[in-house]
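Colleague: Chain residues, written in single-letter form:
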Amino acid sequence: MRGLQVSLNQTQKIRLQRALEKIDSFSSKSNPNASVTVADTIPVNFEDGVLKGHGTSELDGEVVATLCGVVERVNKLVYVRTLRARYKPEIGDIIVGRVIEVAPKRWRLEINFSQDAVLMLSSMNLPDGIQRRRTAVDELNMRSIFEENDVVCAEVRGFQHDGSLHLQARSQKYGKLERGQLLTVSPYLVKRRKQHFHHIEQYGIDLILGCNGFIWVGEHVEARDDMIVEDQVSTSEQQNATPNRYPASLEEQERTYTPLETRQNICRTANAVRVLSTLGFSINVEVIMEMVNLSSSLNLNIHEMLGAEFCVLVAEGEAERRSLKKKKG
Amino acid sequence: MLVFSCHRLVWNLEQTAGDKLEEGENGVKSSCPLCPRRHMCYNGRDKGSRSRQGMVGLSIGEQHFIQGGIAQDLRSDGRKRLTYRPISVETGNIPQANGSARVKIGATDVIASVKAELGKPSPFQPDKGKVSIYVDCSPTAAPIFEGRGGDELSAELSSALQRCLLGGKSGAGAGIDLSSLSIVEGKICWDLYIDGLVVSSDGNLLDALGAAIKAALSNTGIPKVHVAASAPDGQPEVDVSDEEFLQFDTSVVPVIVTLTKVGRHYIVDATSEEESQMSSAISVSINRQGRICGLTKRGGAGLDPSVILDMISVAKHVSEQLMNKLDSEISAAEACEEES
Numbered sequence: 001m002r003g004l005q006v007s008l009n010q011t012q013k014i015r016l017q018r019a020l021e022k023i024d025s026f027s028s029k030s031n032p033n034a035s036v037t038v039a040d041t042i043p044v045n046f047e048d049g050v051l052k053g054h055g056t057s058e059l060d061g062e063v064v065a066t067l068c069g070v071v072e073r074v075n076k077l078v079y080v081r082t083l084r085a086r087y088k089p090e091i092g093d094i095i096v097g098r099v100i101e102v103a104p105k106r107w108r109l110e111i112n113f114s115q116d117a118v119l120m121l122s123s124m125n126l127p128d129g130i131q132r133r134r135t136a137v138d139e140l141n142m143r144s145i146f147e148e149n150d151v152v153c154a155e156v157r158g159f160q161h162d163g164s165l166h167l168q169a170r171s172q173k174y175g176k177l178e179r180g181q182l183l184t185v186s187p188y189l190v191k192r193r194k195q196h197f198h199h200i201e202q203y204g205i206d207l208i209l210g211c212n213g214f215i216w217v218g219e220h221v222e223a224r225d226d227m228i229v230e231d232q233v234s235t236s237e238q239q240n241a242t243p244n245r246y247p248a249s250l251e252e253q254e255r256t257y258t259p260l261e262t263r264q265n266i267c268r269t270a271n272a273v274r275v276l277s278t279l280g281f282s283i284n285v286e287v288i289m290e291m292v293n294l295s296s297s298l299n300l301n302i303h304e305m306l307g308a309e310f311c312v313l314v315a316e317g318e319a320e321r322r323s324l325k326k327k328k329g
Numbered sequence: 001m002l003v004f005s006c007h008r009l010v011w012n013l014e015q016t017a018g019d020k021l022e023e024g025e026n027g028v029k030s031s032c033p034l035c036p037r038r039h040m041c042y043n044g045r046d047k048g049s050r051s052r053q054g055m056v057g058l059s060i061g062e063q064h065f066i067q068g069g070i071a072q073d074l075r076s077d078g079r080k081r082l083t084y085r086p087i088s089v090e091t092g093n094i095p096q097a098n099g100s101a102r103v104k105i106g107a108t109d110v111i112a113s114v115k116a117e118l119g120k121p122s123p124f125q126p127d128k129g130k131v132s133i134y135v136d137c138s139p140t141a142a143p144i145f146e147g148r149g150g151d152e153l154s155a156e157l158s159s160a161l162q163r164c165l166l167g168g169k170s171g172a173g174a175g176i177d178l179s180s181l182s183i184v185e186g187k188i189c190w191d192l193y194i195d196g197l198v199v200s201s202d203g204n205l206l207d208a209l210g211a212a213i214k215a216a217l218s219n220t221g222i223p224k225v226h227v228a229a230s231a232p233d234g235q236p237e238v239d240v241s242d243e244e245f246l247q248f249d250t251s252v253v254p255v256i257v258t259l260t261k262v263g264r265h266y267i268v269d270a271t272s273e274e275e276s277q278m279s280s281a282i283s284v285s286i287n288r289q290g291r292i293c294g295l296t297k298r299g300g301a302g303l304d305p306s307v308i309l310d311m312i313s314v315a316k317h318v319s320e321q322l323m324n325k326l327d328s329e330i331s332a333a334e335a336c337e338e339e340s
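Residue numbers (UniProt numbering), protein chains in the order written: chain A, 1 to 329; chain B, 1 to 340.
Treat the hints loosely; a few may be bogus.
Simulated crosslink set (DSBU-like; lysine-lysine; CA at most 30 Å straight-line) [said to hold, decoys possible]:
1. B/Lys187 with B/Lys224
2. A/Lys13 with A/Lys88
3. B/Lys128 with B/Lys115
4. A/Lys13 with B/Lys325
5. A/Lys176 with B/Lys80
6. A/Lys22 with A/Lys325
7. A/Lys194 with A/Lys176
8. B/Lys80 with A/Lys13
9. B/Lys120 with B/Lys224
Simulated from the structure, these hints should not be mistaken for lab results.
Using the sequences plus the hints, can you model the full thing?
Modeller: Next comes the structure, spelled out in structure tokens:
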């Protein structure tokens, strides 16, 4: 993601420096052999017979790190895990991706990984909801489900033998994302949690934190139950047409725009994510909501959230929060 | 009703007659010249439906969201329609040049440098110096700029800047005072070579380049010359001083304001996502006295003349704030440079 250019004046620079130093001092230094830089020797007990993993190399009889990161040990395997690595998918991850190609019986999605992910037609719920074998007609109508450049939310189903990813979008909460904006942050800022879908009721917005660093902020859309739609085929046919095709004329378009209040909340949340990404803090829903509340309580213009003063306030707030957490436990 | 539907109609309002279309233009260009798309990749390779890290496409839902935001006066990052992103200016980045500046508007990052060399004035205008402006789009800004991919955009920006800052063919309406560059009339003058480099591109390149050139010119020091007596028809001897410099007078250099029309509304300082949704855009260069020094239109959609006049008046209004902001940033940057 292109970084925010935040120009700080002298006092702001000093305050930010102090807050970041305070946060550093709270970070846990559990193992003494934790972090290494390139060419650091990794302390290893040679009698055990050590397996040298990624990021290590043998030099003059010693195990030496070739990357900057944290040393991890699993039984006899010793490897260096980098902190700012490319996104590393695991089965069950919720990700947000963008369709780049519609291929025979599958869609290819870009997910900020070294390869494109594949979403098979059979891993996707059909619009009419019936479980059936996909026919040739379904294949020809793939574009009516997802087109190029659509933003899609899915789950990692597994890996192919060549390392590429397979996704599935079988549940109602997965699928096409519209009426909102997509933000890109570094993948290491989004930690794996139990919940990645957040419906913020008081603002009426959906917040989806993709593990691959794509974050979707948009208007809340109720997950439609396809079985009910089947019963009301005649009335629903008209309704089905409109969500997918945006009206052509300008007046009709204006009627379907997101209401202003929701849009303000969406923009505030998006700006909160941008600021967190610039400062390099972990992104989770509690921090985002706190920042949105902070900005509303200060009566800041939404655009001023991207300014220098708010950045420094956020850093100081984070330092406070970590010091409180440290005092508790 | 007269509708301007040429892809680029370039005016200089200080002249009485409008300029003809430049030679070599046949009007058949892509509909959005400053947003290069796949077919403008001149490397000969088709990079697929989009370039990997460069201009990603937007889904219909996202486009709708952006258009809705502009209609409701609340853009994706919370700005109003006529608000600029934060502008930061640094001067003196390139010590070997006579003047240089780096301007960042949001994520757009451009560098401008000014180099002065002795040259011979053109026979049609013996009492004026010469200025040439050239812009280069670096491949670090976008992968499509690699090789010859950025050539068309560079040529666009260079010619737009020349129109906006140098006035028409007769030299009328120039933002830069060319007579101050003359040393010996008809024999020796200063040639200014202004180079722009696009380091990172996130929309609104023309405004950023205009601001960078203005900052670079205010940072420019032209060496003082002593002209020795010479033979009546020979070249005069000039002695270029190493220590004494003349500061360039930049109070008349205009700023460029680009107004992008999306739907029914105009926005200032569009990001590259918003520029992909534009129907047309007008770039106006306005100087401190509120007079227009140049006007460029791009984009495939036609514009009614009343709309153009409306956009010009909006641009004039915006240019006052932009001019003040730029002047304060430039003086802050110069003060910063003197300290260090």
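Colleague: A/Lys13 and A/Lys88: Cα distance at most 30 Å?
Modeller: This hinted pair is violated, its Cα atoms lying about 34 Å apart.
Colleague: Next pair to validate is B/Lys187 with B/Lys224; report whether the Cα-Cα distance is within 30 Å.
Modeller: 17 Å, holds
Colleague: Would you mind confirming whether the straight-line C-alpha gap from B/Lys128 to B/Lys115 stays at or under 30 Å?
Modeller: At roughly 17 Å apart (the allowed maximum being 30 Å), B/Lys115 and B/Lys128 satisfy the hint.
Colleague: Tell me if the straight-line CA distance from B/Lys120 to B/Lys224 falls inside 30 Å.
Modeller: 17 Å, holds
Colleague: Would the pair A/Lys22 and A/Lys325 pass a check requiring their Cα atoms to be no farther apart than 30 Å?
Modeller: This hinted pair holds, its Cα atoms lying about 13 Å apart.
Colleague: With the threshold set at 30 Å, check whether the alpha-carbon distance from A/Lys13 to B/Lys325 stays at or below it.
Modeller: Cα-Cα ~22 Å, so holds.
Colleague: Taken at face value, is the distance from the CA of A/Lys176 to the CA of A/Lys194 at most 30 Å?
Modeller: 22 Å, holds
Colleague: Is B/Lys80 within 30 Å of A/Lys13, Cα to Cα?
Modeller: 28 Å, holds
Colleague: If you draw a straight line from the CA of A/Lys176 to the CA of B/Lys80, is it 30 Å or shorter?
Modeller: Distance ~29 Å between A/Lys176 and B/Lys80 Cα, so the pair holds.
Comparing the model with each numbered hint stated earlier shows that hint 2 is the single one that does not hold.
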